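Asker: Given chain C's structure and the hints, the job is docking chains G, F, E, W and D onto it.
Residue strings, one per chain:
6 protein chains.
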Amino acid sequence: MSDFRPSGRQPDQLRPVVIQRGFTRHAEGSVLVCFGETRVLCTASIENRVPGFLRGKGEGWVTAEYGMLPRATHTRSDREAARGKQGGRTLEIQRLIGRSLRACVDRNALGERTITLDCDVLQADGGTRTAAITGAYVALVDAVNVLMKRGDIKRNPILGAVAAVSVGVYRGTPVLDLDYAEDSDCDTDMNVVMNDGGGFIELQGTAEGHAFRRDELDALLGLAEKGVTELLAAQQAALSA
Amino acid sequence: MSDFRPSGRQPDQLRPVVIQRGFTRHAEGSVLVCFGETRVLCTASIENRVPGFLRGKGEGWVTAEYGMLPRATHTRSDREAARGKQGGRTLEIQRLIGRSLRACVDRNALGERTITLDCDVLQADGGTRTAAITGAYVALVDAVNVLMKRGDIKRNPILGAVAAVSVGVYRGTPVLDLDYAEDSDCDTDMNVVMNDGGGFIELQGTAEGHAFRRDELDALLGLAEKGVTELLAAQQAALSA
Amino acid sequence: MSDFRPSGRQPDQLRPVVIQRGFTRHAEGSVLVCFGETRVLCTASIENRVPGFLRGKGEGWVTAEYGMLPRATHTRSDREAARGKQGGRTLEIQRLIGRSLRACVDRNALGERTITLDCDVLQADGGTRTAAITGAYVALVDAVNVLMKRGDIKRNPILGAVAAVSVGVYRGTPVLDLDYAEDSDCDTDMNVVMNDGGGFIELQGTAEGHAFRRDELDALLGLAEKGVTELLAAQQAALSA
Amino acid sequence: MSDFRPSGRQPDQLRPVVIQRGFTRHAEGSVLVCFGETRVLCTASIENRVPGFLRGKGEGWVTAEYGMLPRATHTRSDREAARGKQGGRTLEIQRLIGRSLRACVDRNALGERTITLDCDVLQADGGTRTAAITGAYVALVDAVNVLMKRGDIKRNPILGAVAAVSVGVYRGTPVLDLDYAEDSDCDTDMNVVMNDGGGFIELQGTAEGHAFRRDELDALLGLAEKGVTELLAAQQAALSA
Amino acid sequence: MSDFRPSGRQPDQLRPVVIQRGFTRHAEGSVLVCFGETRVLCTASIENRVPGFLRGKGEGWVTAEYGMLPRATHTRSDREAARGKQGGRTLEIQRLIGRSLRACVDRNALGERTITLDCDVLQADGGTRTAAITGAYVALVDAVNVLMKRGDIKRNPILGAVAAVSVGVYRGTPVLDLDYAEDSDCDTDMNVVMNDGGGFIELQGTAEGHAFRRDELDALLGLAEKGVTELLAAQQAALSA
Amino acid sequence: MSDFRPSGRQPDQLRPVVIQRGFTRHAEGSVLVCFGETRVLCTASIENRVPGFLRGKGEGWVTAEYGMLPRATHTRSDREAARGKQGGRTLEIQRLIGRSLRACVDRNALGERTITLDCDVLQADGGTRTAAITGAYVALVDAVNVLMKRGDIKRNPILGAVAAVSVGVYRGTPVLDLDYAEDSDCDTDMNVVMNDGGGFIELQGTAEGHAFRRDELDALLGLAEKGVTELLAAQQAALSA
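Protein chains in written order, with full-length UniProt numbering: chain C, 1 to 241; chain G, 1 to 241; chain F, 1 to 241; chain E, 1 to 241; chain W, 1 to 241; chain D, 1 to 241.
Only chain C is shown next, with the shape it has when bound in the complex:
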């Protein structure tokens, strides 16, 4: 057991990952994803319309919304609906989720419909955006399978799998999948979204303490590749269950 991570994990060890399909009943895809104590409910909803800028082009759209229940965190946060607007962090995260999932979809094959991925954090312990992307992919596949079964689309628009993980330099050591205790006390962290072809879809690194050096960056990318590989396997296992 590692003696420096608060959780006792090894530097390259993910938290236990649980991906539970069919968590709620109305959505075409509904997945509860847990990265340790972080729990996010990801639903995929199909609607037979597209945003104005796509109307009449025969293409579909995939988008995401992100929310955090007020007491998902240690202290209560204001409810964004009550404050009258979504904060910058929320908008940034939901734009990231949307771009990441669009990267694995052939929008022509989807036809003129929208799939909205709602990612709502029931409990937060670091890494909510990476858990959301990883879970939303499974919800998206379930929703697409509904369309395929109904015969609404002929060709499967899923181009490949997508998963995400955070990495960071914690007390001088690169580590995988930061939890809240690490995240709030770390120098540098990066969210990495990859596909199952080993390609990078999104990289968002921030040096909160000292700037990170090129060799640290290389180590972090290596950890991310390992973590995403395991998450992709967990997604496939859940989808085969």
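Careful: at least some of the hints might be erroneous.
[As the list claims (entries may be wrong)] Taking lysine-lysine pairs in the DSSO-like style, the calculated list, with each CA pair at most 30 Å apart, reads:
#, chain 1, residue 1, chain 2, residue 2
1, D, LYS85, G, LYS85
2, C, LYS85, D, LYS57
3, D, LYS57, D, LYS149
4, E, LYS57, E, LYS154
5, C, LYS85, W, LYS85
The hints are simulated quantities; they were obtained by calculation from the structure and are not laboratory data. Given the structure is predicted, the values throughout are model-derived calculations rather than measurements.
Answerer: For chains G, F, E, W and D alone, coordinates are given in the frame of chain C:
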């Protein structure tokens, strides 16, 4: 088995009620309440401040906020945070929950602190506001017990228990605890909030189809009394577990 | 003369009711309704369109908006237009007025048009929502008569009359039509909307102090029936004038 | 009788002016002002605080808010509270009213308190802003007299009287006090606010059709001087009643 | 050199005026206008649509928006986009600019298109709205010339030139083109918009200190006529360059 | 000359960079930065207060706001102030600028004051956020020097220099400093913020077309290092001028 309720229930029969404490870990009280397929997460959060109008008076405050995840329902609803305001229905429900819970609290005994009850609907099948009140009471008791254990307050501010149920006239017959299939096809419905002394705290009846007669009203109140008695017992069982 | 009500009224006595039609000139119906010192201007406006969810169905819509002039009350309230949103109380009241009036209209007979009832409180002394419903009914009838005279509709869509009154337990005694002095110092109050067939359309009871017992509830409903009967007569007298 | 103004008035003739004090009961000043069919309720409310930028300076503040009931006009306008913001026209008018009234007040003599003039149009037929200024002055004097009677202030802060009228070029002829029929069909109009010393406080002229020449401007100013003189007399008559 | 104006200017002397066309490259018209240290970027944008109330009428629209960069002024102002609304002063100014420019356009000749004049203050030193109108006219002409060159319109919709200047009574003397030092310490000021036929399009005079007398008003109008004549010449010089 | 970049630049060639200090006069720092045709006005404003979460801690704050003039782009965008909120892209960019600049400031040495960096895009041609960071650094240094000269702070809080550049894969080749023509037609792009110690402060990479491989990422990071080195030199040259 009843042959006219879609669920096969008897007219005076509640749906199965589940009250699960400690559903999430950060809140001082966290309860998942299920009335059949309706599932609401109720958290109670303690903060050491009160709204402006109470400052310096030595009294506490109990308030509620209500939300529905976008895909808790059959078709996706817009996220209120994205639309930039809470709708009238939401405000109405959260005001009802707040008043109902304040009715069972001695705010002087609570001291200058606020307990906020966040009631978030994960899955909706009718009766979300009555489930929310019933579950929020349990979360409130758990939060108050945290304050008692910490020694922050000396006298228990809980004056009694509160629970709520809906009743309505469905195809001419008064029935208890409407589910969505009944609610969307019923003439008249009423939400009833009662305490464990048999007193009425809130009554909100609406005739959507034909106006209800005095004898129907009497029958509905009788059903509500029966239902609330069972819900109060379920709360106590959960709190004793 | 009663010696316990601040106004000297008997427990079952309404305040003087005045219903003045044609108060302003542009609206199809324009009624100033006074319940004692409470004065509400109710206008009915006809528009040849319906909300999106009704378009193309051949049905009409009846809706209400409620406002209070900033200095209708003892101390000035912020103007909702300046604050940038309608408060929860406002939304709740206007939803109540709208539902109450829709209960007396055959929306198929109305055709694809909307009647909006604007209820603006010029002076408040308790019971503004019940005065608004009672006055809005008269404005609605005037507006419908404009449509009938113009030949725009053939069948009168008004199904019956609707009026409303508040009742409450004041210092232990059930009383009718609470004014502000009573309302701000009473344990329990209830707003009751009824039609001229003796049916209940809306019941909204709130126990602000002690919960109300079933026998108190029965006494309150009896008072409400008496009060509404008198208000329905006052409406007819105004409409016949 | 003039044969070209829709109302039959002479070019230099005001509409009948009515100034009714004490129209509602809660405000320190409450005036219904009518310029013909234009009716505006002006209330003056005293509060013992000033905006942040004046705090601790020993000076008072006078400000105004303006609103129009949705059906004050020929066709219903959206309620600004429901739309979530005050329009540009509203803001412009209430800023004008506020500046005009501040011009007749010694804010040091007022002390650290705010008088808010709420001008709400019950019925509109052109000239609502000039009626509002004229009526608000009377409400302001009534509110100041309340302060004087209470002994809250020693020196009367009213420096002089203020009234306002519109003038315009209608079908080539300069006319006084435009009503809606004239206003909506006129080339040029100007709102003129003056004090009882014959000084100009505000001039707002707009050429909607052809630009106005210097000689037309001179004629309009002459008409305005005549109209304001009559309005100042009507204010004094109302205040002496 | 004048010894009482902070700038040393003569009472009837404008600040140096610079009108620089083509300041940015994307807009159909882009003008940086400087009245001394006041600098406003005015762009004219053509769009092939009109607001709803003009659709299908064959007429065009000319409108304006006004903004001030947060640090255009001595102390930083909040960004209106961050505050979530445009203030009353902003709305008032942009309405003034829009009306002024519409006064010199034949909207039938423009056809169903909108020209939007964005006037953004890079640096403020008094007179931003008059500089904006003066510069926006030049941007408008440039945009119209684009339409003419493209052959999109056949007849030039520009009816004449429009320019604006402020005048005021500073320390008892009427002066032309107030800068910030004068504006913030002056009794009375007026913004005057005129066309090249010598007609008045807008007059907005405000007595901040003492009300202005008719003879002062006459002097101010004379100064404005002189100032606008010079500004119209500067516009023509810029357009001929 | 390169034959595949629309601008004819070499793959590793920046656009001409201009950094003009003192562009406007009121701000403590005011810099116009041009990356080719992209022009951003960056002002630094000092205020002697900090946000609530820092009050009383003796630390300062550095924050940024970002805006784009409506016609900075090829087609006019809505003004965010008029729409009533800042979009997700705007919030994301201003958060990035703020984090980047805070990374080079010792907030204890700054004391309890806030420096706000307003970055307003006058003309856009790709890379507005990287130009903004690069220019804002220079404005920040100028503002800090004002504080030093005034003797308000003793120790220089600037820890080092920060600059930013974009890199991307355009038609299969990694290139430096994308302009709009490249940005809108490229597969992958990344914004890189670095300090003068060669450390990475922010990395934001997005694969819009195909996911990028590890070797492409390495090439992009190399280009970014080269570009930032040149930008840091341009900053120093401007500051020495």
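Asker: I'd like to know which numbered hints this structure contradicts. Please list them from smallest to largest.
Answerer: Hint check: nothing fails, all pass.
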